[in-house]
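Enquirer: Protein chains in written order, with this note's numbering: chain P, 1 to 160; chain R, 1 to 160; chain L, 1 to 160; chain U, 1 to 160.
Derived from the structure by calculation, the hints contain no laboratory data. Some hints could be false.
Note that identical chains are pooled: a pair holds if it fits in a single copy or bridges any two copies.
[As the list claims (entries may be wrong)] Pairs of lysine-lysine, DSSO-like flavour, derived with a Cα cap of 30 Å:
{"hint": "1", "residue 1": "Lys120", "residue 2": "Lys137"}
{"hint": "2", "residue 1": "Lys143", "residue 2": "Lys48"}
{"hint": "3", "residue 1": "Lys48", "residue 2": "Lys135"}
{"hint": "4", "residue 1": "Lys120", "residue 2": "Lys48"}
{"hint": "5", "residue 1": "Lys48", "residue 2": "Lys137"}
{"hint": "6", "residue 1": "Lys120", "residue 2": "Lys135"}
One-letter residues, chain by chain:
4 protein chains.
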Amino acid sequence: MNHTWHQHLIRVLYQDTDQMAVAHHGNYVGWFEVGRTEMMRDVGIAYKRMESLGLLLPVVDMNIHYHRPARYDECLAIYTRIITYSAVRLEFAYEVRRIDDVPSAWDHSRERQFATPVGKLLASGSTLHMWLNTKWKPARIDKAAPDVFELLNQTMNNKE
Amino acid sequence: MNHTWHQHLIRVLYQDTDQMAVAHHGNYVGWFEVGRTEMMRDVGIAYKRMESLGLLLPVVDMNIHYHRPARYDECLAIYTRIITYSAVRLEFAYEVRRIDDVPSAWDHSRERQFATPVGKLLASGSTLHMWLNTKWKPARIDKAAPDVFELLNQTMNNKE
Amino acid sequence: MNHTWHQHLIRVLYQDTDQMAVAHHGNYVGWFEVGRTEMMRDVGIAYKRMESLGLLLPVVDMNIHYHRPARYDECLAIYTRIITYSAVRLEFAYEVRRIDDVPSAWDHSRERQFATPVGKLLASGSTLHMWLNTKWKPARIDKAAPDVFELLNQTMNNKE
Amino acid sequence: MNHTWHQHLIRVLYQDTDQMAVAHHGNYVGWFEVGRTEMMRDVGIAYKRMESLGLLLPVVDMNIHYHRPARYDECLAIYTRIITYSAVRLEFAYEVRRIDDVPSAWDHSRERQFATPVGKLLASGSTLHMWLNTKWKPARIDKAAPDVFELLNQTMNNKE
């Protein structure tokens, strides 16, 4: 299994805050989505291309554990990796970490693969997705887009 | 011209607030949209049906003036009316008012047409829209959906 | 235990949709929040008052199961109930259901307590919350706001 | 006057799209905010620090002109500059441009000052802001934070 995490850096925006002066808990859904999209792009699977092939990958299950709040203007690293996959489904794990206090994380912002996430853990979670066709019916990715399935195989097996 | 305002009541949600402890200024865009949608529905023009006819009505111009902040859990009235229209464009005016202090506004929440908006003025603005077809090209509503154009004519002329 | 569900009706807004032409999965976080807020208000615990007492109730855990997509302009019922509570925590369950096809749900929109949710199930989930003080440290609600704790006791035990 | 534009690069997220398969018009409010925040940071005026000085800078007026839609996953440049300023107010101009077709814009993503914006114009607009204290009353920035006022003077006069 692939234990490497993909890192994507963001900043907490003013519009992300609520009147508790922390990032509203709903923002993490979007942050997971950005982490997932960029991880997939890195692997060679641009979600935009999947849609042009008539394949959708909606979320069927999501859970989020909130450990510490994020605050305005803090620098966050979103760590994403695939934890399980098959021809019909895909499951991602996420960690959101504050890296204000880890300047080297920014220095290495060009690198995207990390064995061990850095920074203070703010939230963790996972999302489960199913491949669907444009009629919203289950699709088999190994049939509908064999090259994508091959990329997933490589990603998950290459880097033990 | 039709000077009647359509009233739609909402409440400021926690997720609408930011760390200034007021509703973030971006929320008004969505509130205008809700006001516009409900006003159109009331007139007999459900936006959902417009899209099923292959007609889109994107915003091409928007301006918002912020007078006073809105705060968590306050009750707001969104007032909407059409100010100009033709076969190719449609322009709406909006007022967002706080009605916590106007209990009668809630009592009359079943009525939807008001000659004079009530409550403390929080924001005002307008949006200009153009009718487009699904290829994102200008459409003439009098040709593409004559019954809708007729409804607009009636709405604008009936109630002088 | 209290098995009654609180019902709150909403409509899917245009801004809620994404390019799959369904409500983006992130919207359910906000819908749960509205359901929770209105359920609490109904019980006599306005969240606004809790904050004025220096008590916060952030989400520490959330999970959502997506069964069927919601689409633009559909009428949804958000069903909310408390499943567990103590002096330090509070756990809510939610169901989001489409009630376009259940006209009586609208007829009874003034009633708010339901033994059995109606409509097609779109999503279900739960959130776990902890009472905190303004320094973001754990608070005991039975000490900090005994009347609120009493209201929770009543709500959970009254209506077996 | 300073005619230099500050450039900040973003990508259109899935959650930004609506069922017209374009970025919902409300997103531009947030994009302007990001552009403004990063421009200010670049000049040496971190908004976070302003708030720690008890100074707020809410939007009192906003207008947006939509020229062309933005689509999922496109790379956008947000161009921001100050157009007028005084001790009590600040006015920003914005342009949002698509730069997918301008690869050099990414190559130069480390540079942040541009005399001439590049890319296809999608939207333009402006926001007017007033300096307020934490009681939401007008503040004079030349009195409340003279060093910030001096930075504004320099920014506006230095680079004719």
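Enquirer: Within a copy, between copies, both or neither: where do lysine 48 and lysine 137 come within 30 Å Cα-Cα?
Expert: both (19 Å within a copy, 24 Å between copies)
Enquirer: Which holds for lysine 120 with lysine 48 at a C-alpha limit of 30 Å: within a copy, between copies, both or neither?
Expert: between (32 Å within a copy, 20 Å between copies)
Enquirer: At most 30 Å between alpha carbons: which applies to lysine 48 and lysine 135, within, between, both or neither?
Expert: Both ways: lysine 48 and lysine 135 sit 17 Å apart in one copy and 20 Å across, limit 30 Å.
Enquirer: Since the copies are identical, ignore which copy is meant and state whether lysine 120 and lysine 137 lie within 30 Å (CA to CA) inside a copy, between copies, both or neither.
Expert: For lysine 120 and lysine 137, only the inter-copy Cα distance (18 Å) is at most 30 Å; the intra-copy one is 40 Å.
Enquirer: Under a CA distance limit of 30 Å, which applies to lysine 120 and lysine 135: within one copy, between copies, both, or neither?
Expert: between (42 Å within a copy, 19 Å between copies)
Enquirer: Reference check for the pair lysine 143 and lysine 48, CA-CA at most 30 Å: within, between, both, or neither?
Expert: within (19 Å within a copy, 35 Å between copies)
When held up to the earlier numbered hints, the structure conflicts with none and fits them all.
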